[in-house]
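Based on the sequences and whatever the hints tell you, model everything.
In order, the protein sequence lines correspond to chains D and X.
In terms of my numbering, the first sequence opens at residue 1 and continues consecutively.
In terms of my numbering, the second sequence opens at residue 1 and continues consecutively.
Just so you know, not all the hints are guaranteed correct.
Claimed, not checked - Taking lysine to any residue pairs in the SDA-like style, the calculated list, with each CA pair at most 20 Å apart, reads:
hint, chain 1, residue 1, chain 2, residue 2
1, X, Lys196, X, Gly168
2, X, Lys196, D, Ile56
3, D, Lys276, D, Leu33
4, D, Lys38, X, Gly46
5, D, Lys276, X, Gly46
To be verified - Derived Cβ-Cβ restraints for the label pairs, each shown as a range:
hint, chain 1, residue 1, chain 2, residue 2, range
6, D, Asn199, X, Gly6, 32 to 42 Å
7, D, Asn210, X, Asp184, 41 to 51 Å
8, D, Gly203, X, Glu236, 32 to 42 Å
9, X, Gly46, D, Arg225, 21 to 31 Å
10, X, Ile16, D, Gly298, 50 to 60 Å
To be verified - A few chain D residues that face chain X, going by a derived Cβ cut-off under 8 Å, partial list only:
hint, residue
11, Gly22
12, Glu32
13, Phe34
14, Thr53
15, Gly54
16, Met67
17, Val71
18, Gln74
19, Pro76
20, Tyr88
21, Leu90
Since the hints were made in silico from the structure, they are not lab data.
Note that CB positions come from ideal geometry on N, CA and C, so glycine has one too.
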Amino acid sequence: MADLSVKICGIDFKNPIIPASGVFGYGHEYEELFPLEKLGGIATKGTTLHRRTGNIAPRIAETPSGMLNSVGLQNPGIDHFIDKELPYLLGKNLVILANIAGSTTEECVQVAEKLENTDVHMIELNISCPNVKHGGAAFGTSCDLAAEVTKQVRKATSKPLIVKLSPNVTSIAEIAKAVESEGADAVSLINTLLGMRININTGRPILHNNVGGLSGPAVFPVAVRMVWQVANAVNIPVIGMGGVSSGKDAIELMMAGASAVQVGAAIFTDPYAPIKIIDEMNEFLDSKNISSVRDIIGSVKPW
Amino acid sequence: MKYKQGNYIILNKSAIAREIYSFEILCPEIAEIASAGQFVHIRAEGFTLRRPISICGIDKNKGTLRIVFEVRGEGTEKISQLNKGDTIDMLAPLGHGFTVNDEFKKVVLIGGGIGTPPMLPLAEIYREKSVVISGFRNAYAVILQDDFKNTGAETILCTDDGSAGIHGFVTQPFEELAKNSGIDAVYACGPMPMLKNISKICKDNNIFCEISLEERMACGIGACLGCACCTVRNDEEYFAHVCKDGPVFNAEEVIW
Numbered sequence: 001m002a003d004l005s006v007k008i009c010g011i012d013f014k015n016p017i018i019p020a021s022g023v024f025g026y027g028h029e030y031e032e033l034f035p036l037e038k039l040g041g042i043a044t045k046g047t048t049l050h051r052r053t054g055n056i057a058p059r060i061a062e063t064p065s066g067m068l069n070s071v072g073l074q075n076p077g078i079d080h081f082i083d084k085e086l087p088y089l090l091g092k093n094l095v096i097l098a099n100i101a102g103s104t105t106e107e108c109v110q111v112a113e114k115l116e117n118t119d120v121h122m123i124e125l126n127i128s129c130p131n132v133k134h135g136g137a138a139f140g141t142s143c144d145l146a147a148e149v150t151k152q153v154r155k156a157t158s159k160p161l162i163v164k165l166s167p168n169v170t171s172i173a174e175i176a177k178a179v180e181s182e183g184a185d186a187v188s189l190i191n192t193l194l195g196m197r198i199n200i201n202t203g204r205p206i207l208h209n210n211v212g213g214l215s216g217p218a219v220f221p222v223a224v225r226m227v228w229q230v231a232n233a234v235n236i237p238v239i240g241m242g243g244v245s246s247g248k249d250a251i252e253l254m255m256a257g258a259s260a261v262q263v264g265a266a267i268f269t270d271p272y273a274p275i276k277i278i279d280e281m282n283e284f285l286d287s288k289n290i291s292s293v294r295d296i297i298g299s300v301k302p303w
Numbered sequence: 001m002k003y004k005q006g007n008y009i010i011l012n013k014s015a016i017a018r019e020i021y022s023f024e025i026l027c028p029e030i031a032e033i034a035s036a037g038q039f040v041h042i043r044a045e046g047f048t049l050r051r052p053i054s055i056c057g058i059d060k061n062k063g064t065l066r067i068v069f070e071v072r073g074e075g076t077e078k079i080s081q082l083n084k085g086d087t088i089d090m091l092a093p094l095g096h097g098f099t100v101n102d103e104f105k106k107v108v109l110i111g112g113g114i115g116t117p118p119m120l121p122l123a124e125i126y127r128e129k130s131v132v133i134s135g136f137r138n139a140y141a142v143i144l145q146d147d148f149k150n151t152g153a154e155t156i157l158c159t160d161d162g163s164a165g166i167h168g169f170v171t172q173p174f175e176e177l178a179k180n181s182g183i184d185a186v187y188a189c190g191p192m193p194m195l196k197n198i199s200k201i202c203k204d205n206n207i208f209c210e211i212s213l214e215e216r217m218a219c220g221i222g223a224c225l226g227c228a229c230c231t232v233r234n235d236e237e238y239f240a241h242v243c244k245d246g247p248v249f250n251a252e253e254v255i256w
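What follows is the structure, given as structure tokens:
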């Protein structure tokens with residue numbers, strides 16, 4: 001048994017696998033299948049100051065080796081999260097990353113302030129949701145806006161602050177450096193890539209929002225590249241995600257520089273994916289006589 | 001909600017109409033807890049998203065489920081290539097099924113096209129108390145009529161082109177039935193325009209009506225919030241989710 005534990009921003013994870021925000025709700029639905037404490041952590045559903053109803057359906061489309069979604073941050077609001085969801089999750093012996101979002105910097109700040117007096121372990125600030133008209137990815141595609149929202153949220157929270165980055169930019173490393181300079185404790189990437197499908201029989205986009213975020217195995221090489229570039233550009237930990245569907249994928253992303261790995265669309269294909277990924281990572285490390293998963297972080301030897 | 005995921009053996013496969021297949025699947029742990037109106041979420045090898053398919057038969061003694069589905073695209077085509085003896089990866093049983101009430105004396109089950117299969121488990125419960133109205137494009141697309149007759153239900157068949165049964169939509173014979181009192185409940189699954197018309201007829205005649213909806217879906221268990229459906233609950237508009245809050249909804253809750 002290899003040691004799968006990692007430490008990010010002073011927080012201990014028993015293993016580096018975290019269901020990504022949006023695929024896992026607040027955990028209840030998957031608890032029917034396996035105990036949540038097997039996971040390293042959970043990135044909870046993106047939560048805003050007030051309840052959001054999300055976008056009109058269809059919100060989901062299949063794509064080659066992946067999928068599009070345009071849920072649009074449907075969530076019950078931060079007060080509901082703090083009162084009804086968080087206390088239960090905190091009893092589960094895993095790290096809770098509260099994913100938060102807002103239409104304005106002020107809203108992001110207010111959400112972070114509300115979490116300040118809770119026992120949530122980390123905040124993952126989403127500046128990269130492609131499915132909302134205001135805020136969302138707008139913050140994440142400009143260095144100045146990304147830096148400004150990070151700066152303001154940083155002032156509002158003493159908790160470890162992870163900033164979740166958009167891949168829909170010219171240089172994700174520049175955005176990462178901008179948020180690092182304003183106090184981000186870690187970055188997570190990649191959020192979904194903006195995509196589109198059209199039903200050629202009707203001439204209508206499949207998604208009612210016309211466009212949506214691409215995820216799944218199709219985006220994995222993009223995630224590996226971006227994690228590698230960001231890990232080389234910043235001195236804070238990188239949490240990697242994007243199309244990871246096996247233990248080997250998770251190992252690869254960690255070699256590229258990720259200190260932990262989030263799993264998204266793979267859970268839709270196989271709800272046990274996070275558990276299988278943990279087991280497969282362990283098998284791989286044992287087969288290579290690597291005693292700790294920490295030894296592979298950033299271990300790629302570039303040509 | 002209780003559900004399992006696993007690989008289950010296909011005991012029988014048959015093609016019951018053009019591009020429409022019937023699988024009988026040995027899955028005692030799922031059959032034990034499944035109820036009418038629920039669905040199974042099937043993995044199609046090589047695809048990211050599972051495909052939701054309604055349950056067409058539940059045999060708790062044999063420990064089997066029956067599903068009947070139409071090849072609609074690449075995913076369902078892949079599933080249709082599975083054969084007797086193969087295993088099928090299912091996450092099931094999912095969703096909120098139909099409300100069954102022993103006190104109902106007469107119910108009408110309405111299926112449109114591939115919306116017909118989820119009506120069969122209800123016919124097996126209500127038997128002689130049920131009238132099944134099913135509608136299809138043409139005679140070649142007609143399915144499950146003998147299965148419905150075997151339950152003791154009265155059957156009314158409609159086709160769009162008149163090549164079998166009544167020439168017209170299911171709403172025509174239903175409207176006649178609805179005017180005569182004595183229907184305790186209507187259950188329906190099919191195309192949205194059909195469901196909308198049935199819901200209106202039920203509302204006008206003050207009949208309890210449940211409809212089964214479909215929507216593009218990812219997780220199937222209420223976590224990802226992909227399959228939104230606009231509904232009204234407690235006078236408040238609310239995006240419910242077809243996979244968990246449905247697929248069966250009270251017709252009066254759905255905003256068309």
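Here is how each hint holds up against the structure:
{"no.": "1", "hint": "X:Lys196 with X:Gly168", "verdict": "holds (17 Å)"}
{"no.": "2", "hint": "X:Lys196 with D:Ile56", "verdict": "holds (18 Å)"}
{"no.": "3", "hint": "D:Lys276 with D:Leu33", "verdict": "holds (13 Å)"}
{"no.": "4", "hint": "D:Lys38 with X:Gly46", "verdict": "violated (27 Å)"}
{"no.": "5", "hint": "D:Lys276 with X:Gly46", "verdict": "holds (18 Å)"}
{"no.": "6", "hint": "D:Asn199 with X:Gly6: 32 to 42 Å", "verdict": "holds (33 Å)"}
{"no.": "7", "hint": "D:Asn210 with X:Asp184: 41 to 51 Å", "verdict": "holds (44 Å)"}
{"no.": "8", "hint": "D:Gly203 with X:Glu236: 32 to 42 Å", "verdict": "holds (35 Å)"}
{"no.": "9", "hint": "X:Gly46 with D:Arg225: 21 to 31 Å", "verdict": "holds (24 Å)"}
{"no.": "10", "hint": "X:Ile16 with D:Gly298: 50 to 60 Å", "verdict": "holds (57 Å)"}
{"no.": "11", "hint": "Gly22", "verdict": "holds (7 Å)"}
{"no.": "12", "hint": "Glu32", "verdict": "holds (6 Å)"}
{"no.": "13", "hint": "Phe34", "verdict": "violated (10 Å)"}
{"no.": "14", "hint": "Thr53", "verdict": "holds (5 Å)"}
{"no.": "15", "hint": "Gly54", "verdict": "holds (6 Å)"}
{"no.": "16", "hint": "Met67", "verdict": "holds (5 Å)"}
{"no.": "17", "hint": "Val71", "verdict": "holds (5 Å)"}
{"no.": "18", "hint": "Gln74", "verdict": "holds (5 Å)"}
{"no.": "19", "hint": "Pro76", "verdict": "violated (11 Å)"}
{"no.": "20", "hint": "Tyr88", "verdict": "violated (15 Å)"}
{"no.": "21", "hint": "Leu90", "verdict": "violated (19 Å)"}
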